[in-house]
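If you want the building blocks of each chain, they are given just below.
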Amino acid sequence: MTDQPTPPVPPPPPSKPLKSMQQVEVDESKVWNLWFTRREFLTMAAWGTVLAGLGGSALGLLRYFIPRITYDPPSIFKIGKPEDYPLGQVDERWKKKYRIWVERESIEKGGGLFVIFARCTHLGCTPNWLEGQNKFKCPCHGSGFRRTGINFEGPAPRPLERCKVALADDGQVVVDISTRFRNPKDWNKTDAYLKVKV
Amino acid sequence: MSKFQAKLSDIARVIRTSKIWKSIFRHSYQDTPRNRALMVLSNVFLHLHPVKVRPASLRYRYTWGLGGLSFYLFLSLTLTGVLLMFYYRPTIEHAYWDMKDLRFVVPFGPFLRNMHRWSAHVMVLLVMFHMASVFYRSAYKPPREYNWVVGVILLLITFLLSFTGYLLPWDQLAIWAVTVGTNMAANSPILGSEGPFSIVTPDMDARFILLGSKIVGQSGLLRFYVLHCVFLPLIFIILVSVHLWRVRKDEFSAIPLPPEEERRKGVLPEEWVKKHPEALQEKVFTWPNLVSREFVALLAITAILVIWSVFGHAPLEELANPNKTPNPSKAPWYFVGLQELLVYFDPWMAGVVLPTLILVGLIAIPYLDINPTGVGYYNFKNRKFATGIFTYGLVLWFGLIFIGYYMRGPGWELYLPWEKWDHFRPTSQIGLHNMPNWLGLVFLLGYGALGMLIPKIFFKDFYKSLGPIKYLVVMFLVLVMFFVPVKIVLRNVLKIKYIVSFPDFNLNI
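Protein chains in written order, with our numbering: chain A, 1 to 198; chain B, 1001 to 1509.
A couple of the hints might just be wrong.
[To be verified] DSBU-like, lysine-lysine: derived pairs with alpha carbons at most 30 angstroms apart:
| hint | chain 1 | residue 1 | chain 2 | residue 2 |
| --- | --- | --- | --- | --- |
| 1 | A | Lys-95 | B | Lys-1100 |
| 2 | A | Lys-96 | B | Lys-1324 |
| 3 | B | Lys-1324 | A | Lys-81 |
| 4 | B | Lys-1487 | A | Lys-135 |
| 5 | B | Lys-1495 | A | Lys-185 |
| 6 | B | Lys-1470 | B | Lys-1460 |
[As the list claims (entries may be wrong)] Covered stretches of chain B, as calculated for chain A (at least 3 residues, CB under 8 angstroms):
| hint | segment |
| --- | --- |
| 7 | 1174-1186 |
| 8 | 1324-1335 |
| 9 | 1338-1346 |
| 10 | 1409-1420 |
Honestly, the hints are just simulated from the structure, not real lab data.
The C-beta atom is built at its ideal place from N, Cα and C for all residues, glycine as well.
Construct the entire structure; sequences and hints are all you get.
This is the structure in structure tokens:
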């Protein structure tokens, strides 16, 4: 290229001020009298979007750690007929497999059947049934429970929980350990207490 | 010089003048001031140090090397941990048997596992001692407040690292310690399914998020494994980088002490230093003065841990069994103090509220302690309140750990350390009763109100210097600290189980 760069020619001075520099009559009644400028609004909107995105991600991350299905052992199962359980005894045959005690009341008390969940209400250890002392005893911090599940010694704040029981069509008892009754007031409900014809 | 030596030095010269050698090491090793500076300046690992340090910070009895040793143990734990990962599978079928293999089949397996286990215990202990020594030297005061906060978070992560590692052997010790620990999470207020004012069900509460299940099982093992091996170490590395960098940028706090006779007259070091700026100016090269001392400390602790790991085997009990709870089952020793509190408080207090307040209180220390004296040397005389309260907290923490670890037997019954455990001894937790709620509320409100008012009336200067907000925060934390022995006395002497009790909300104090 042989062209020499020509010195820039200064633009001619404008005969009248640019449109943007002219004083414009403003109709005050048509102006939005907002407490923020357009720039402030856009800044806030941008930060709001960023924060909403971060917050949404945090919630999503939290939700990620709560799966829809867990592969724990089934919570509903059959445990045989009510007559299989001797009257007035705490039955330990399912403790190892399902973590429950099955109790059949004596005739004087009605002869019904209920299921106690074998998990201490203090910090979740598995208590032991002590036939000789007629109580459940937790090895972790020494909580003791009567045979009804009512707490009477040690640090446990409330009674052992009872599981939902029902009678299936084939005459077997169905236990649902995911539905539990905490409050002794609920223990007489039909779901918590299975009446058995004696 | 023999002919052989001459030959050797020829070879050495060829190596040291070669292009490859010089590309790696950019300065010679001759002992010159320039090289001493370059040793630190041109080395990415050593440049965590400043080039020169004050002689006051070199004394062993000043820092006891605690911070540096904690960091060294973290590195050593990373190494042994990565080596253990080559044999360990985090599944409930394999985990326990892989541990058995490491113990009996893998050459040097027992040594590496013991080293990992014992280093972890020692690290937890040293990090706690490091915090105490920093406190007593006032090294958290301006401009180092924020670094203290980072340090408290590092302490928390150290606990969490150790606790998540506790589950991995999948033996009885592991699952029951973690069962107790995660059930405390289920007792959190609001976010735990069994805590006060709970708003969540057991399949979405804090315990579930930790374990991925309602019970300690496969998903919990995997989560703890990932936290232990990846997530927590990453966070630790990031924070410890900030921590060390800040220590270097703020210069080690150590200041020179005045001569013995002036100290006996009661001259404070910070005032003496103002008159003797030359003492503050005096600095020595980090290489070799500080680095050599660090190296000695590091060798000493390595020697102790190696000997310990050769002779002492890390515990491995029976295979985990969710249906059989060992009696007693104890948390890892550093949490046994909190477990001991479970005798006196419900889990939401002992496991959630009190630990949270401990952490918040520790973090708040540099912002609440406005006394400027004592920075850079041990001073108890002019900081009686601060050191008194802190020491009381330390004694309470380690005292509860001692009682829980050495004096609790089956059924969490009290035994003397040399007494034999009796599995059939009847429980001592009988005849407990609750205070009536109205009396309990009056008691709690009275304790709080009197605790707030009495120091304000009798120690007017204390109140004035702090101002109302700081005073409220300080006194709240102090009153909670003293509430622990109050409850212990109420429980043991007056047989009171709860001061107030609202079973419908799971709210018992």
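Verification of the hints:
no.: 1; hint: Lys-95(A) / Lys-1100(B); result: holds, 28 angstroms
no.: 2; hint: Lys-96(A) / Lys-1324(B); result: holds, 8 angstroms
no.: 3; hint: Lys-1324(B) / Lys-81(A); result: holds, 27 angstroms
no.: 4; hint: Lys-1487(B) / Lys-135(A); result: holds, 28 angstroms
no.: 5; hint: Lys-1495(B) / Lys-185(A); result: holds, 27 angstroms
no.: 6; hint: Lys-1470(B) / Lys-1460(B); result: holds, 14 angstroms
no.: 7; hint: 1174-1186; result: holds (count 6)
no.: 8; hint: 1324-1335; result: holds (count 6)
no.: 9; hint: 1338-1346; result: holds (count 3)
no.: 10; hint: 1409-1420; result: holds (count 4)
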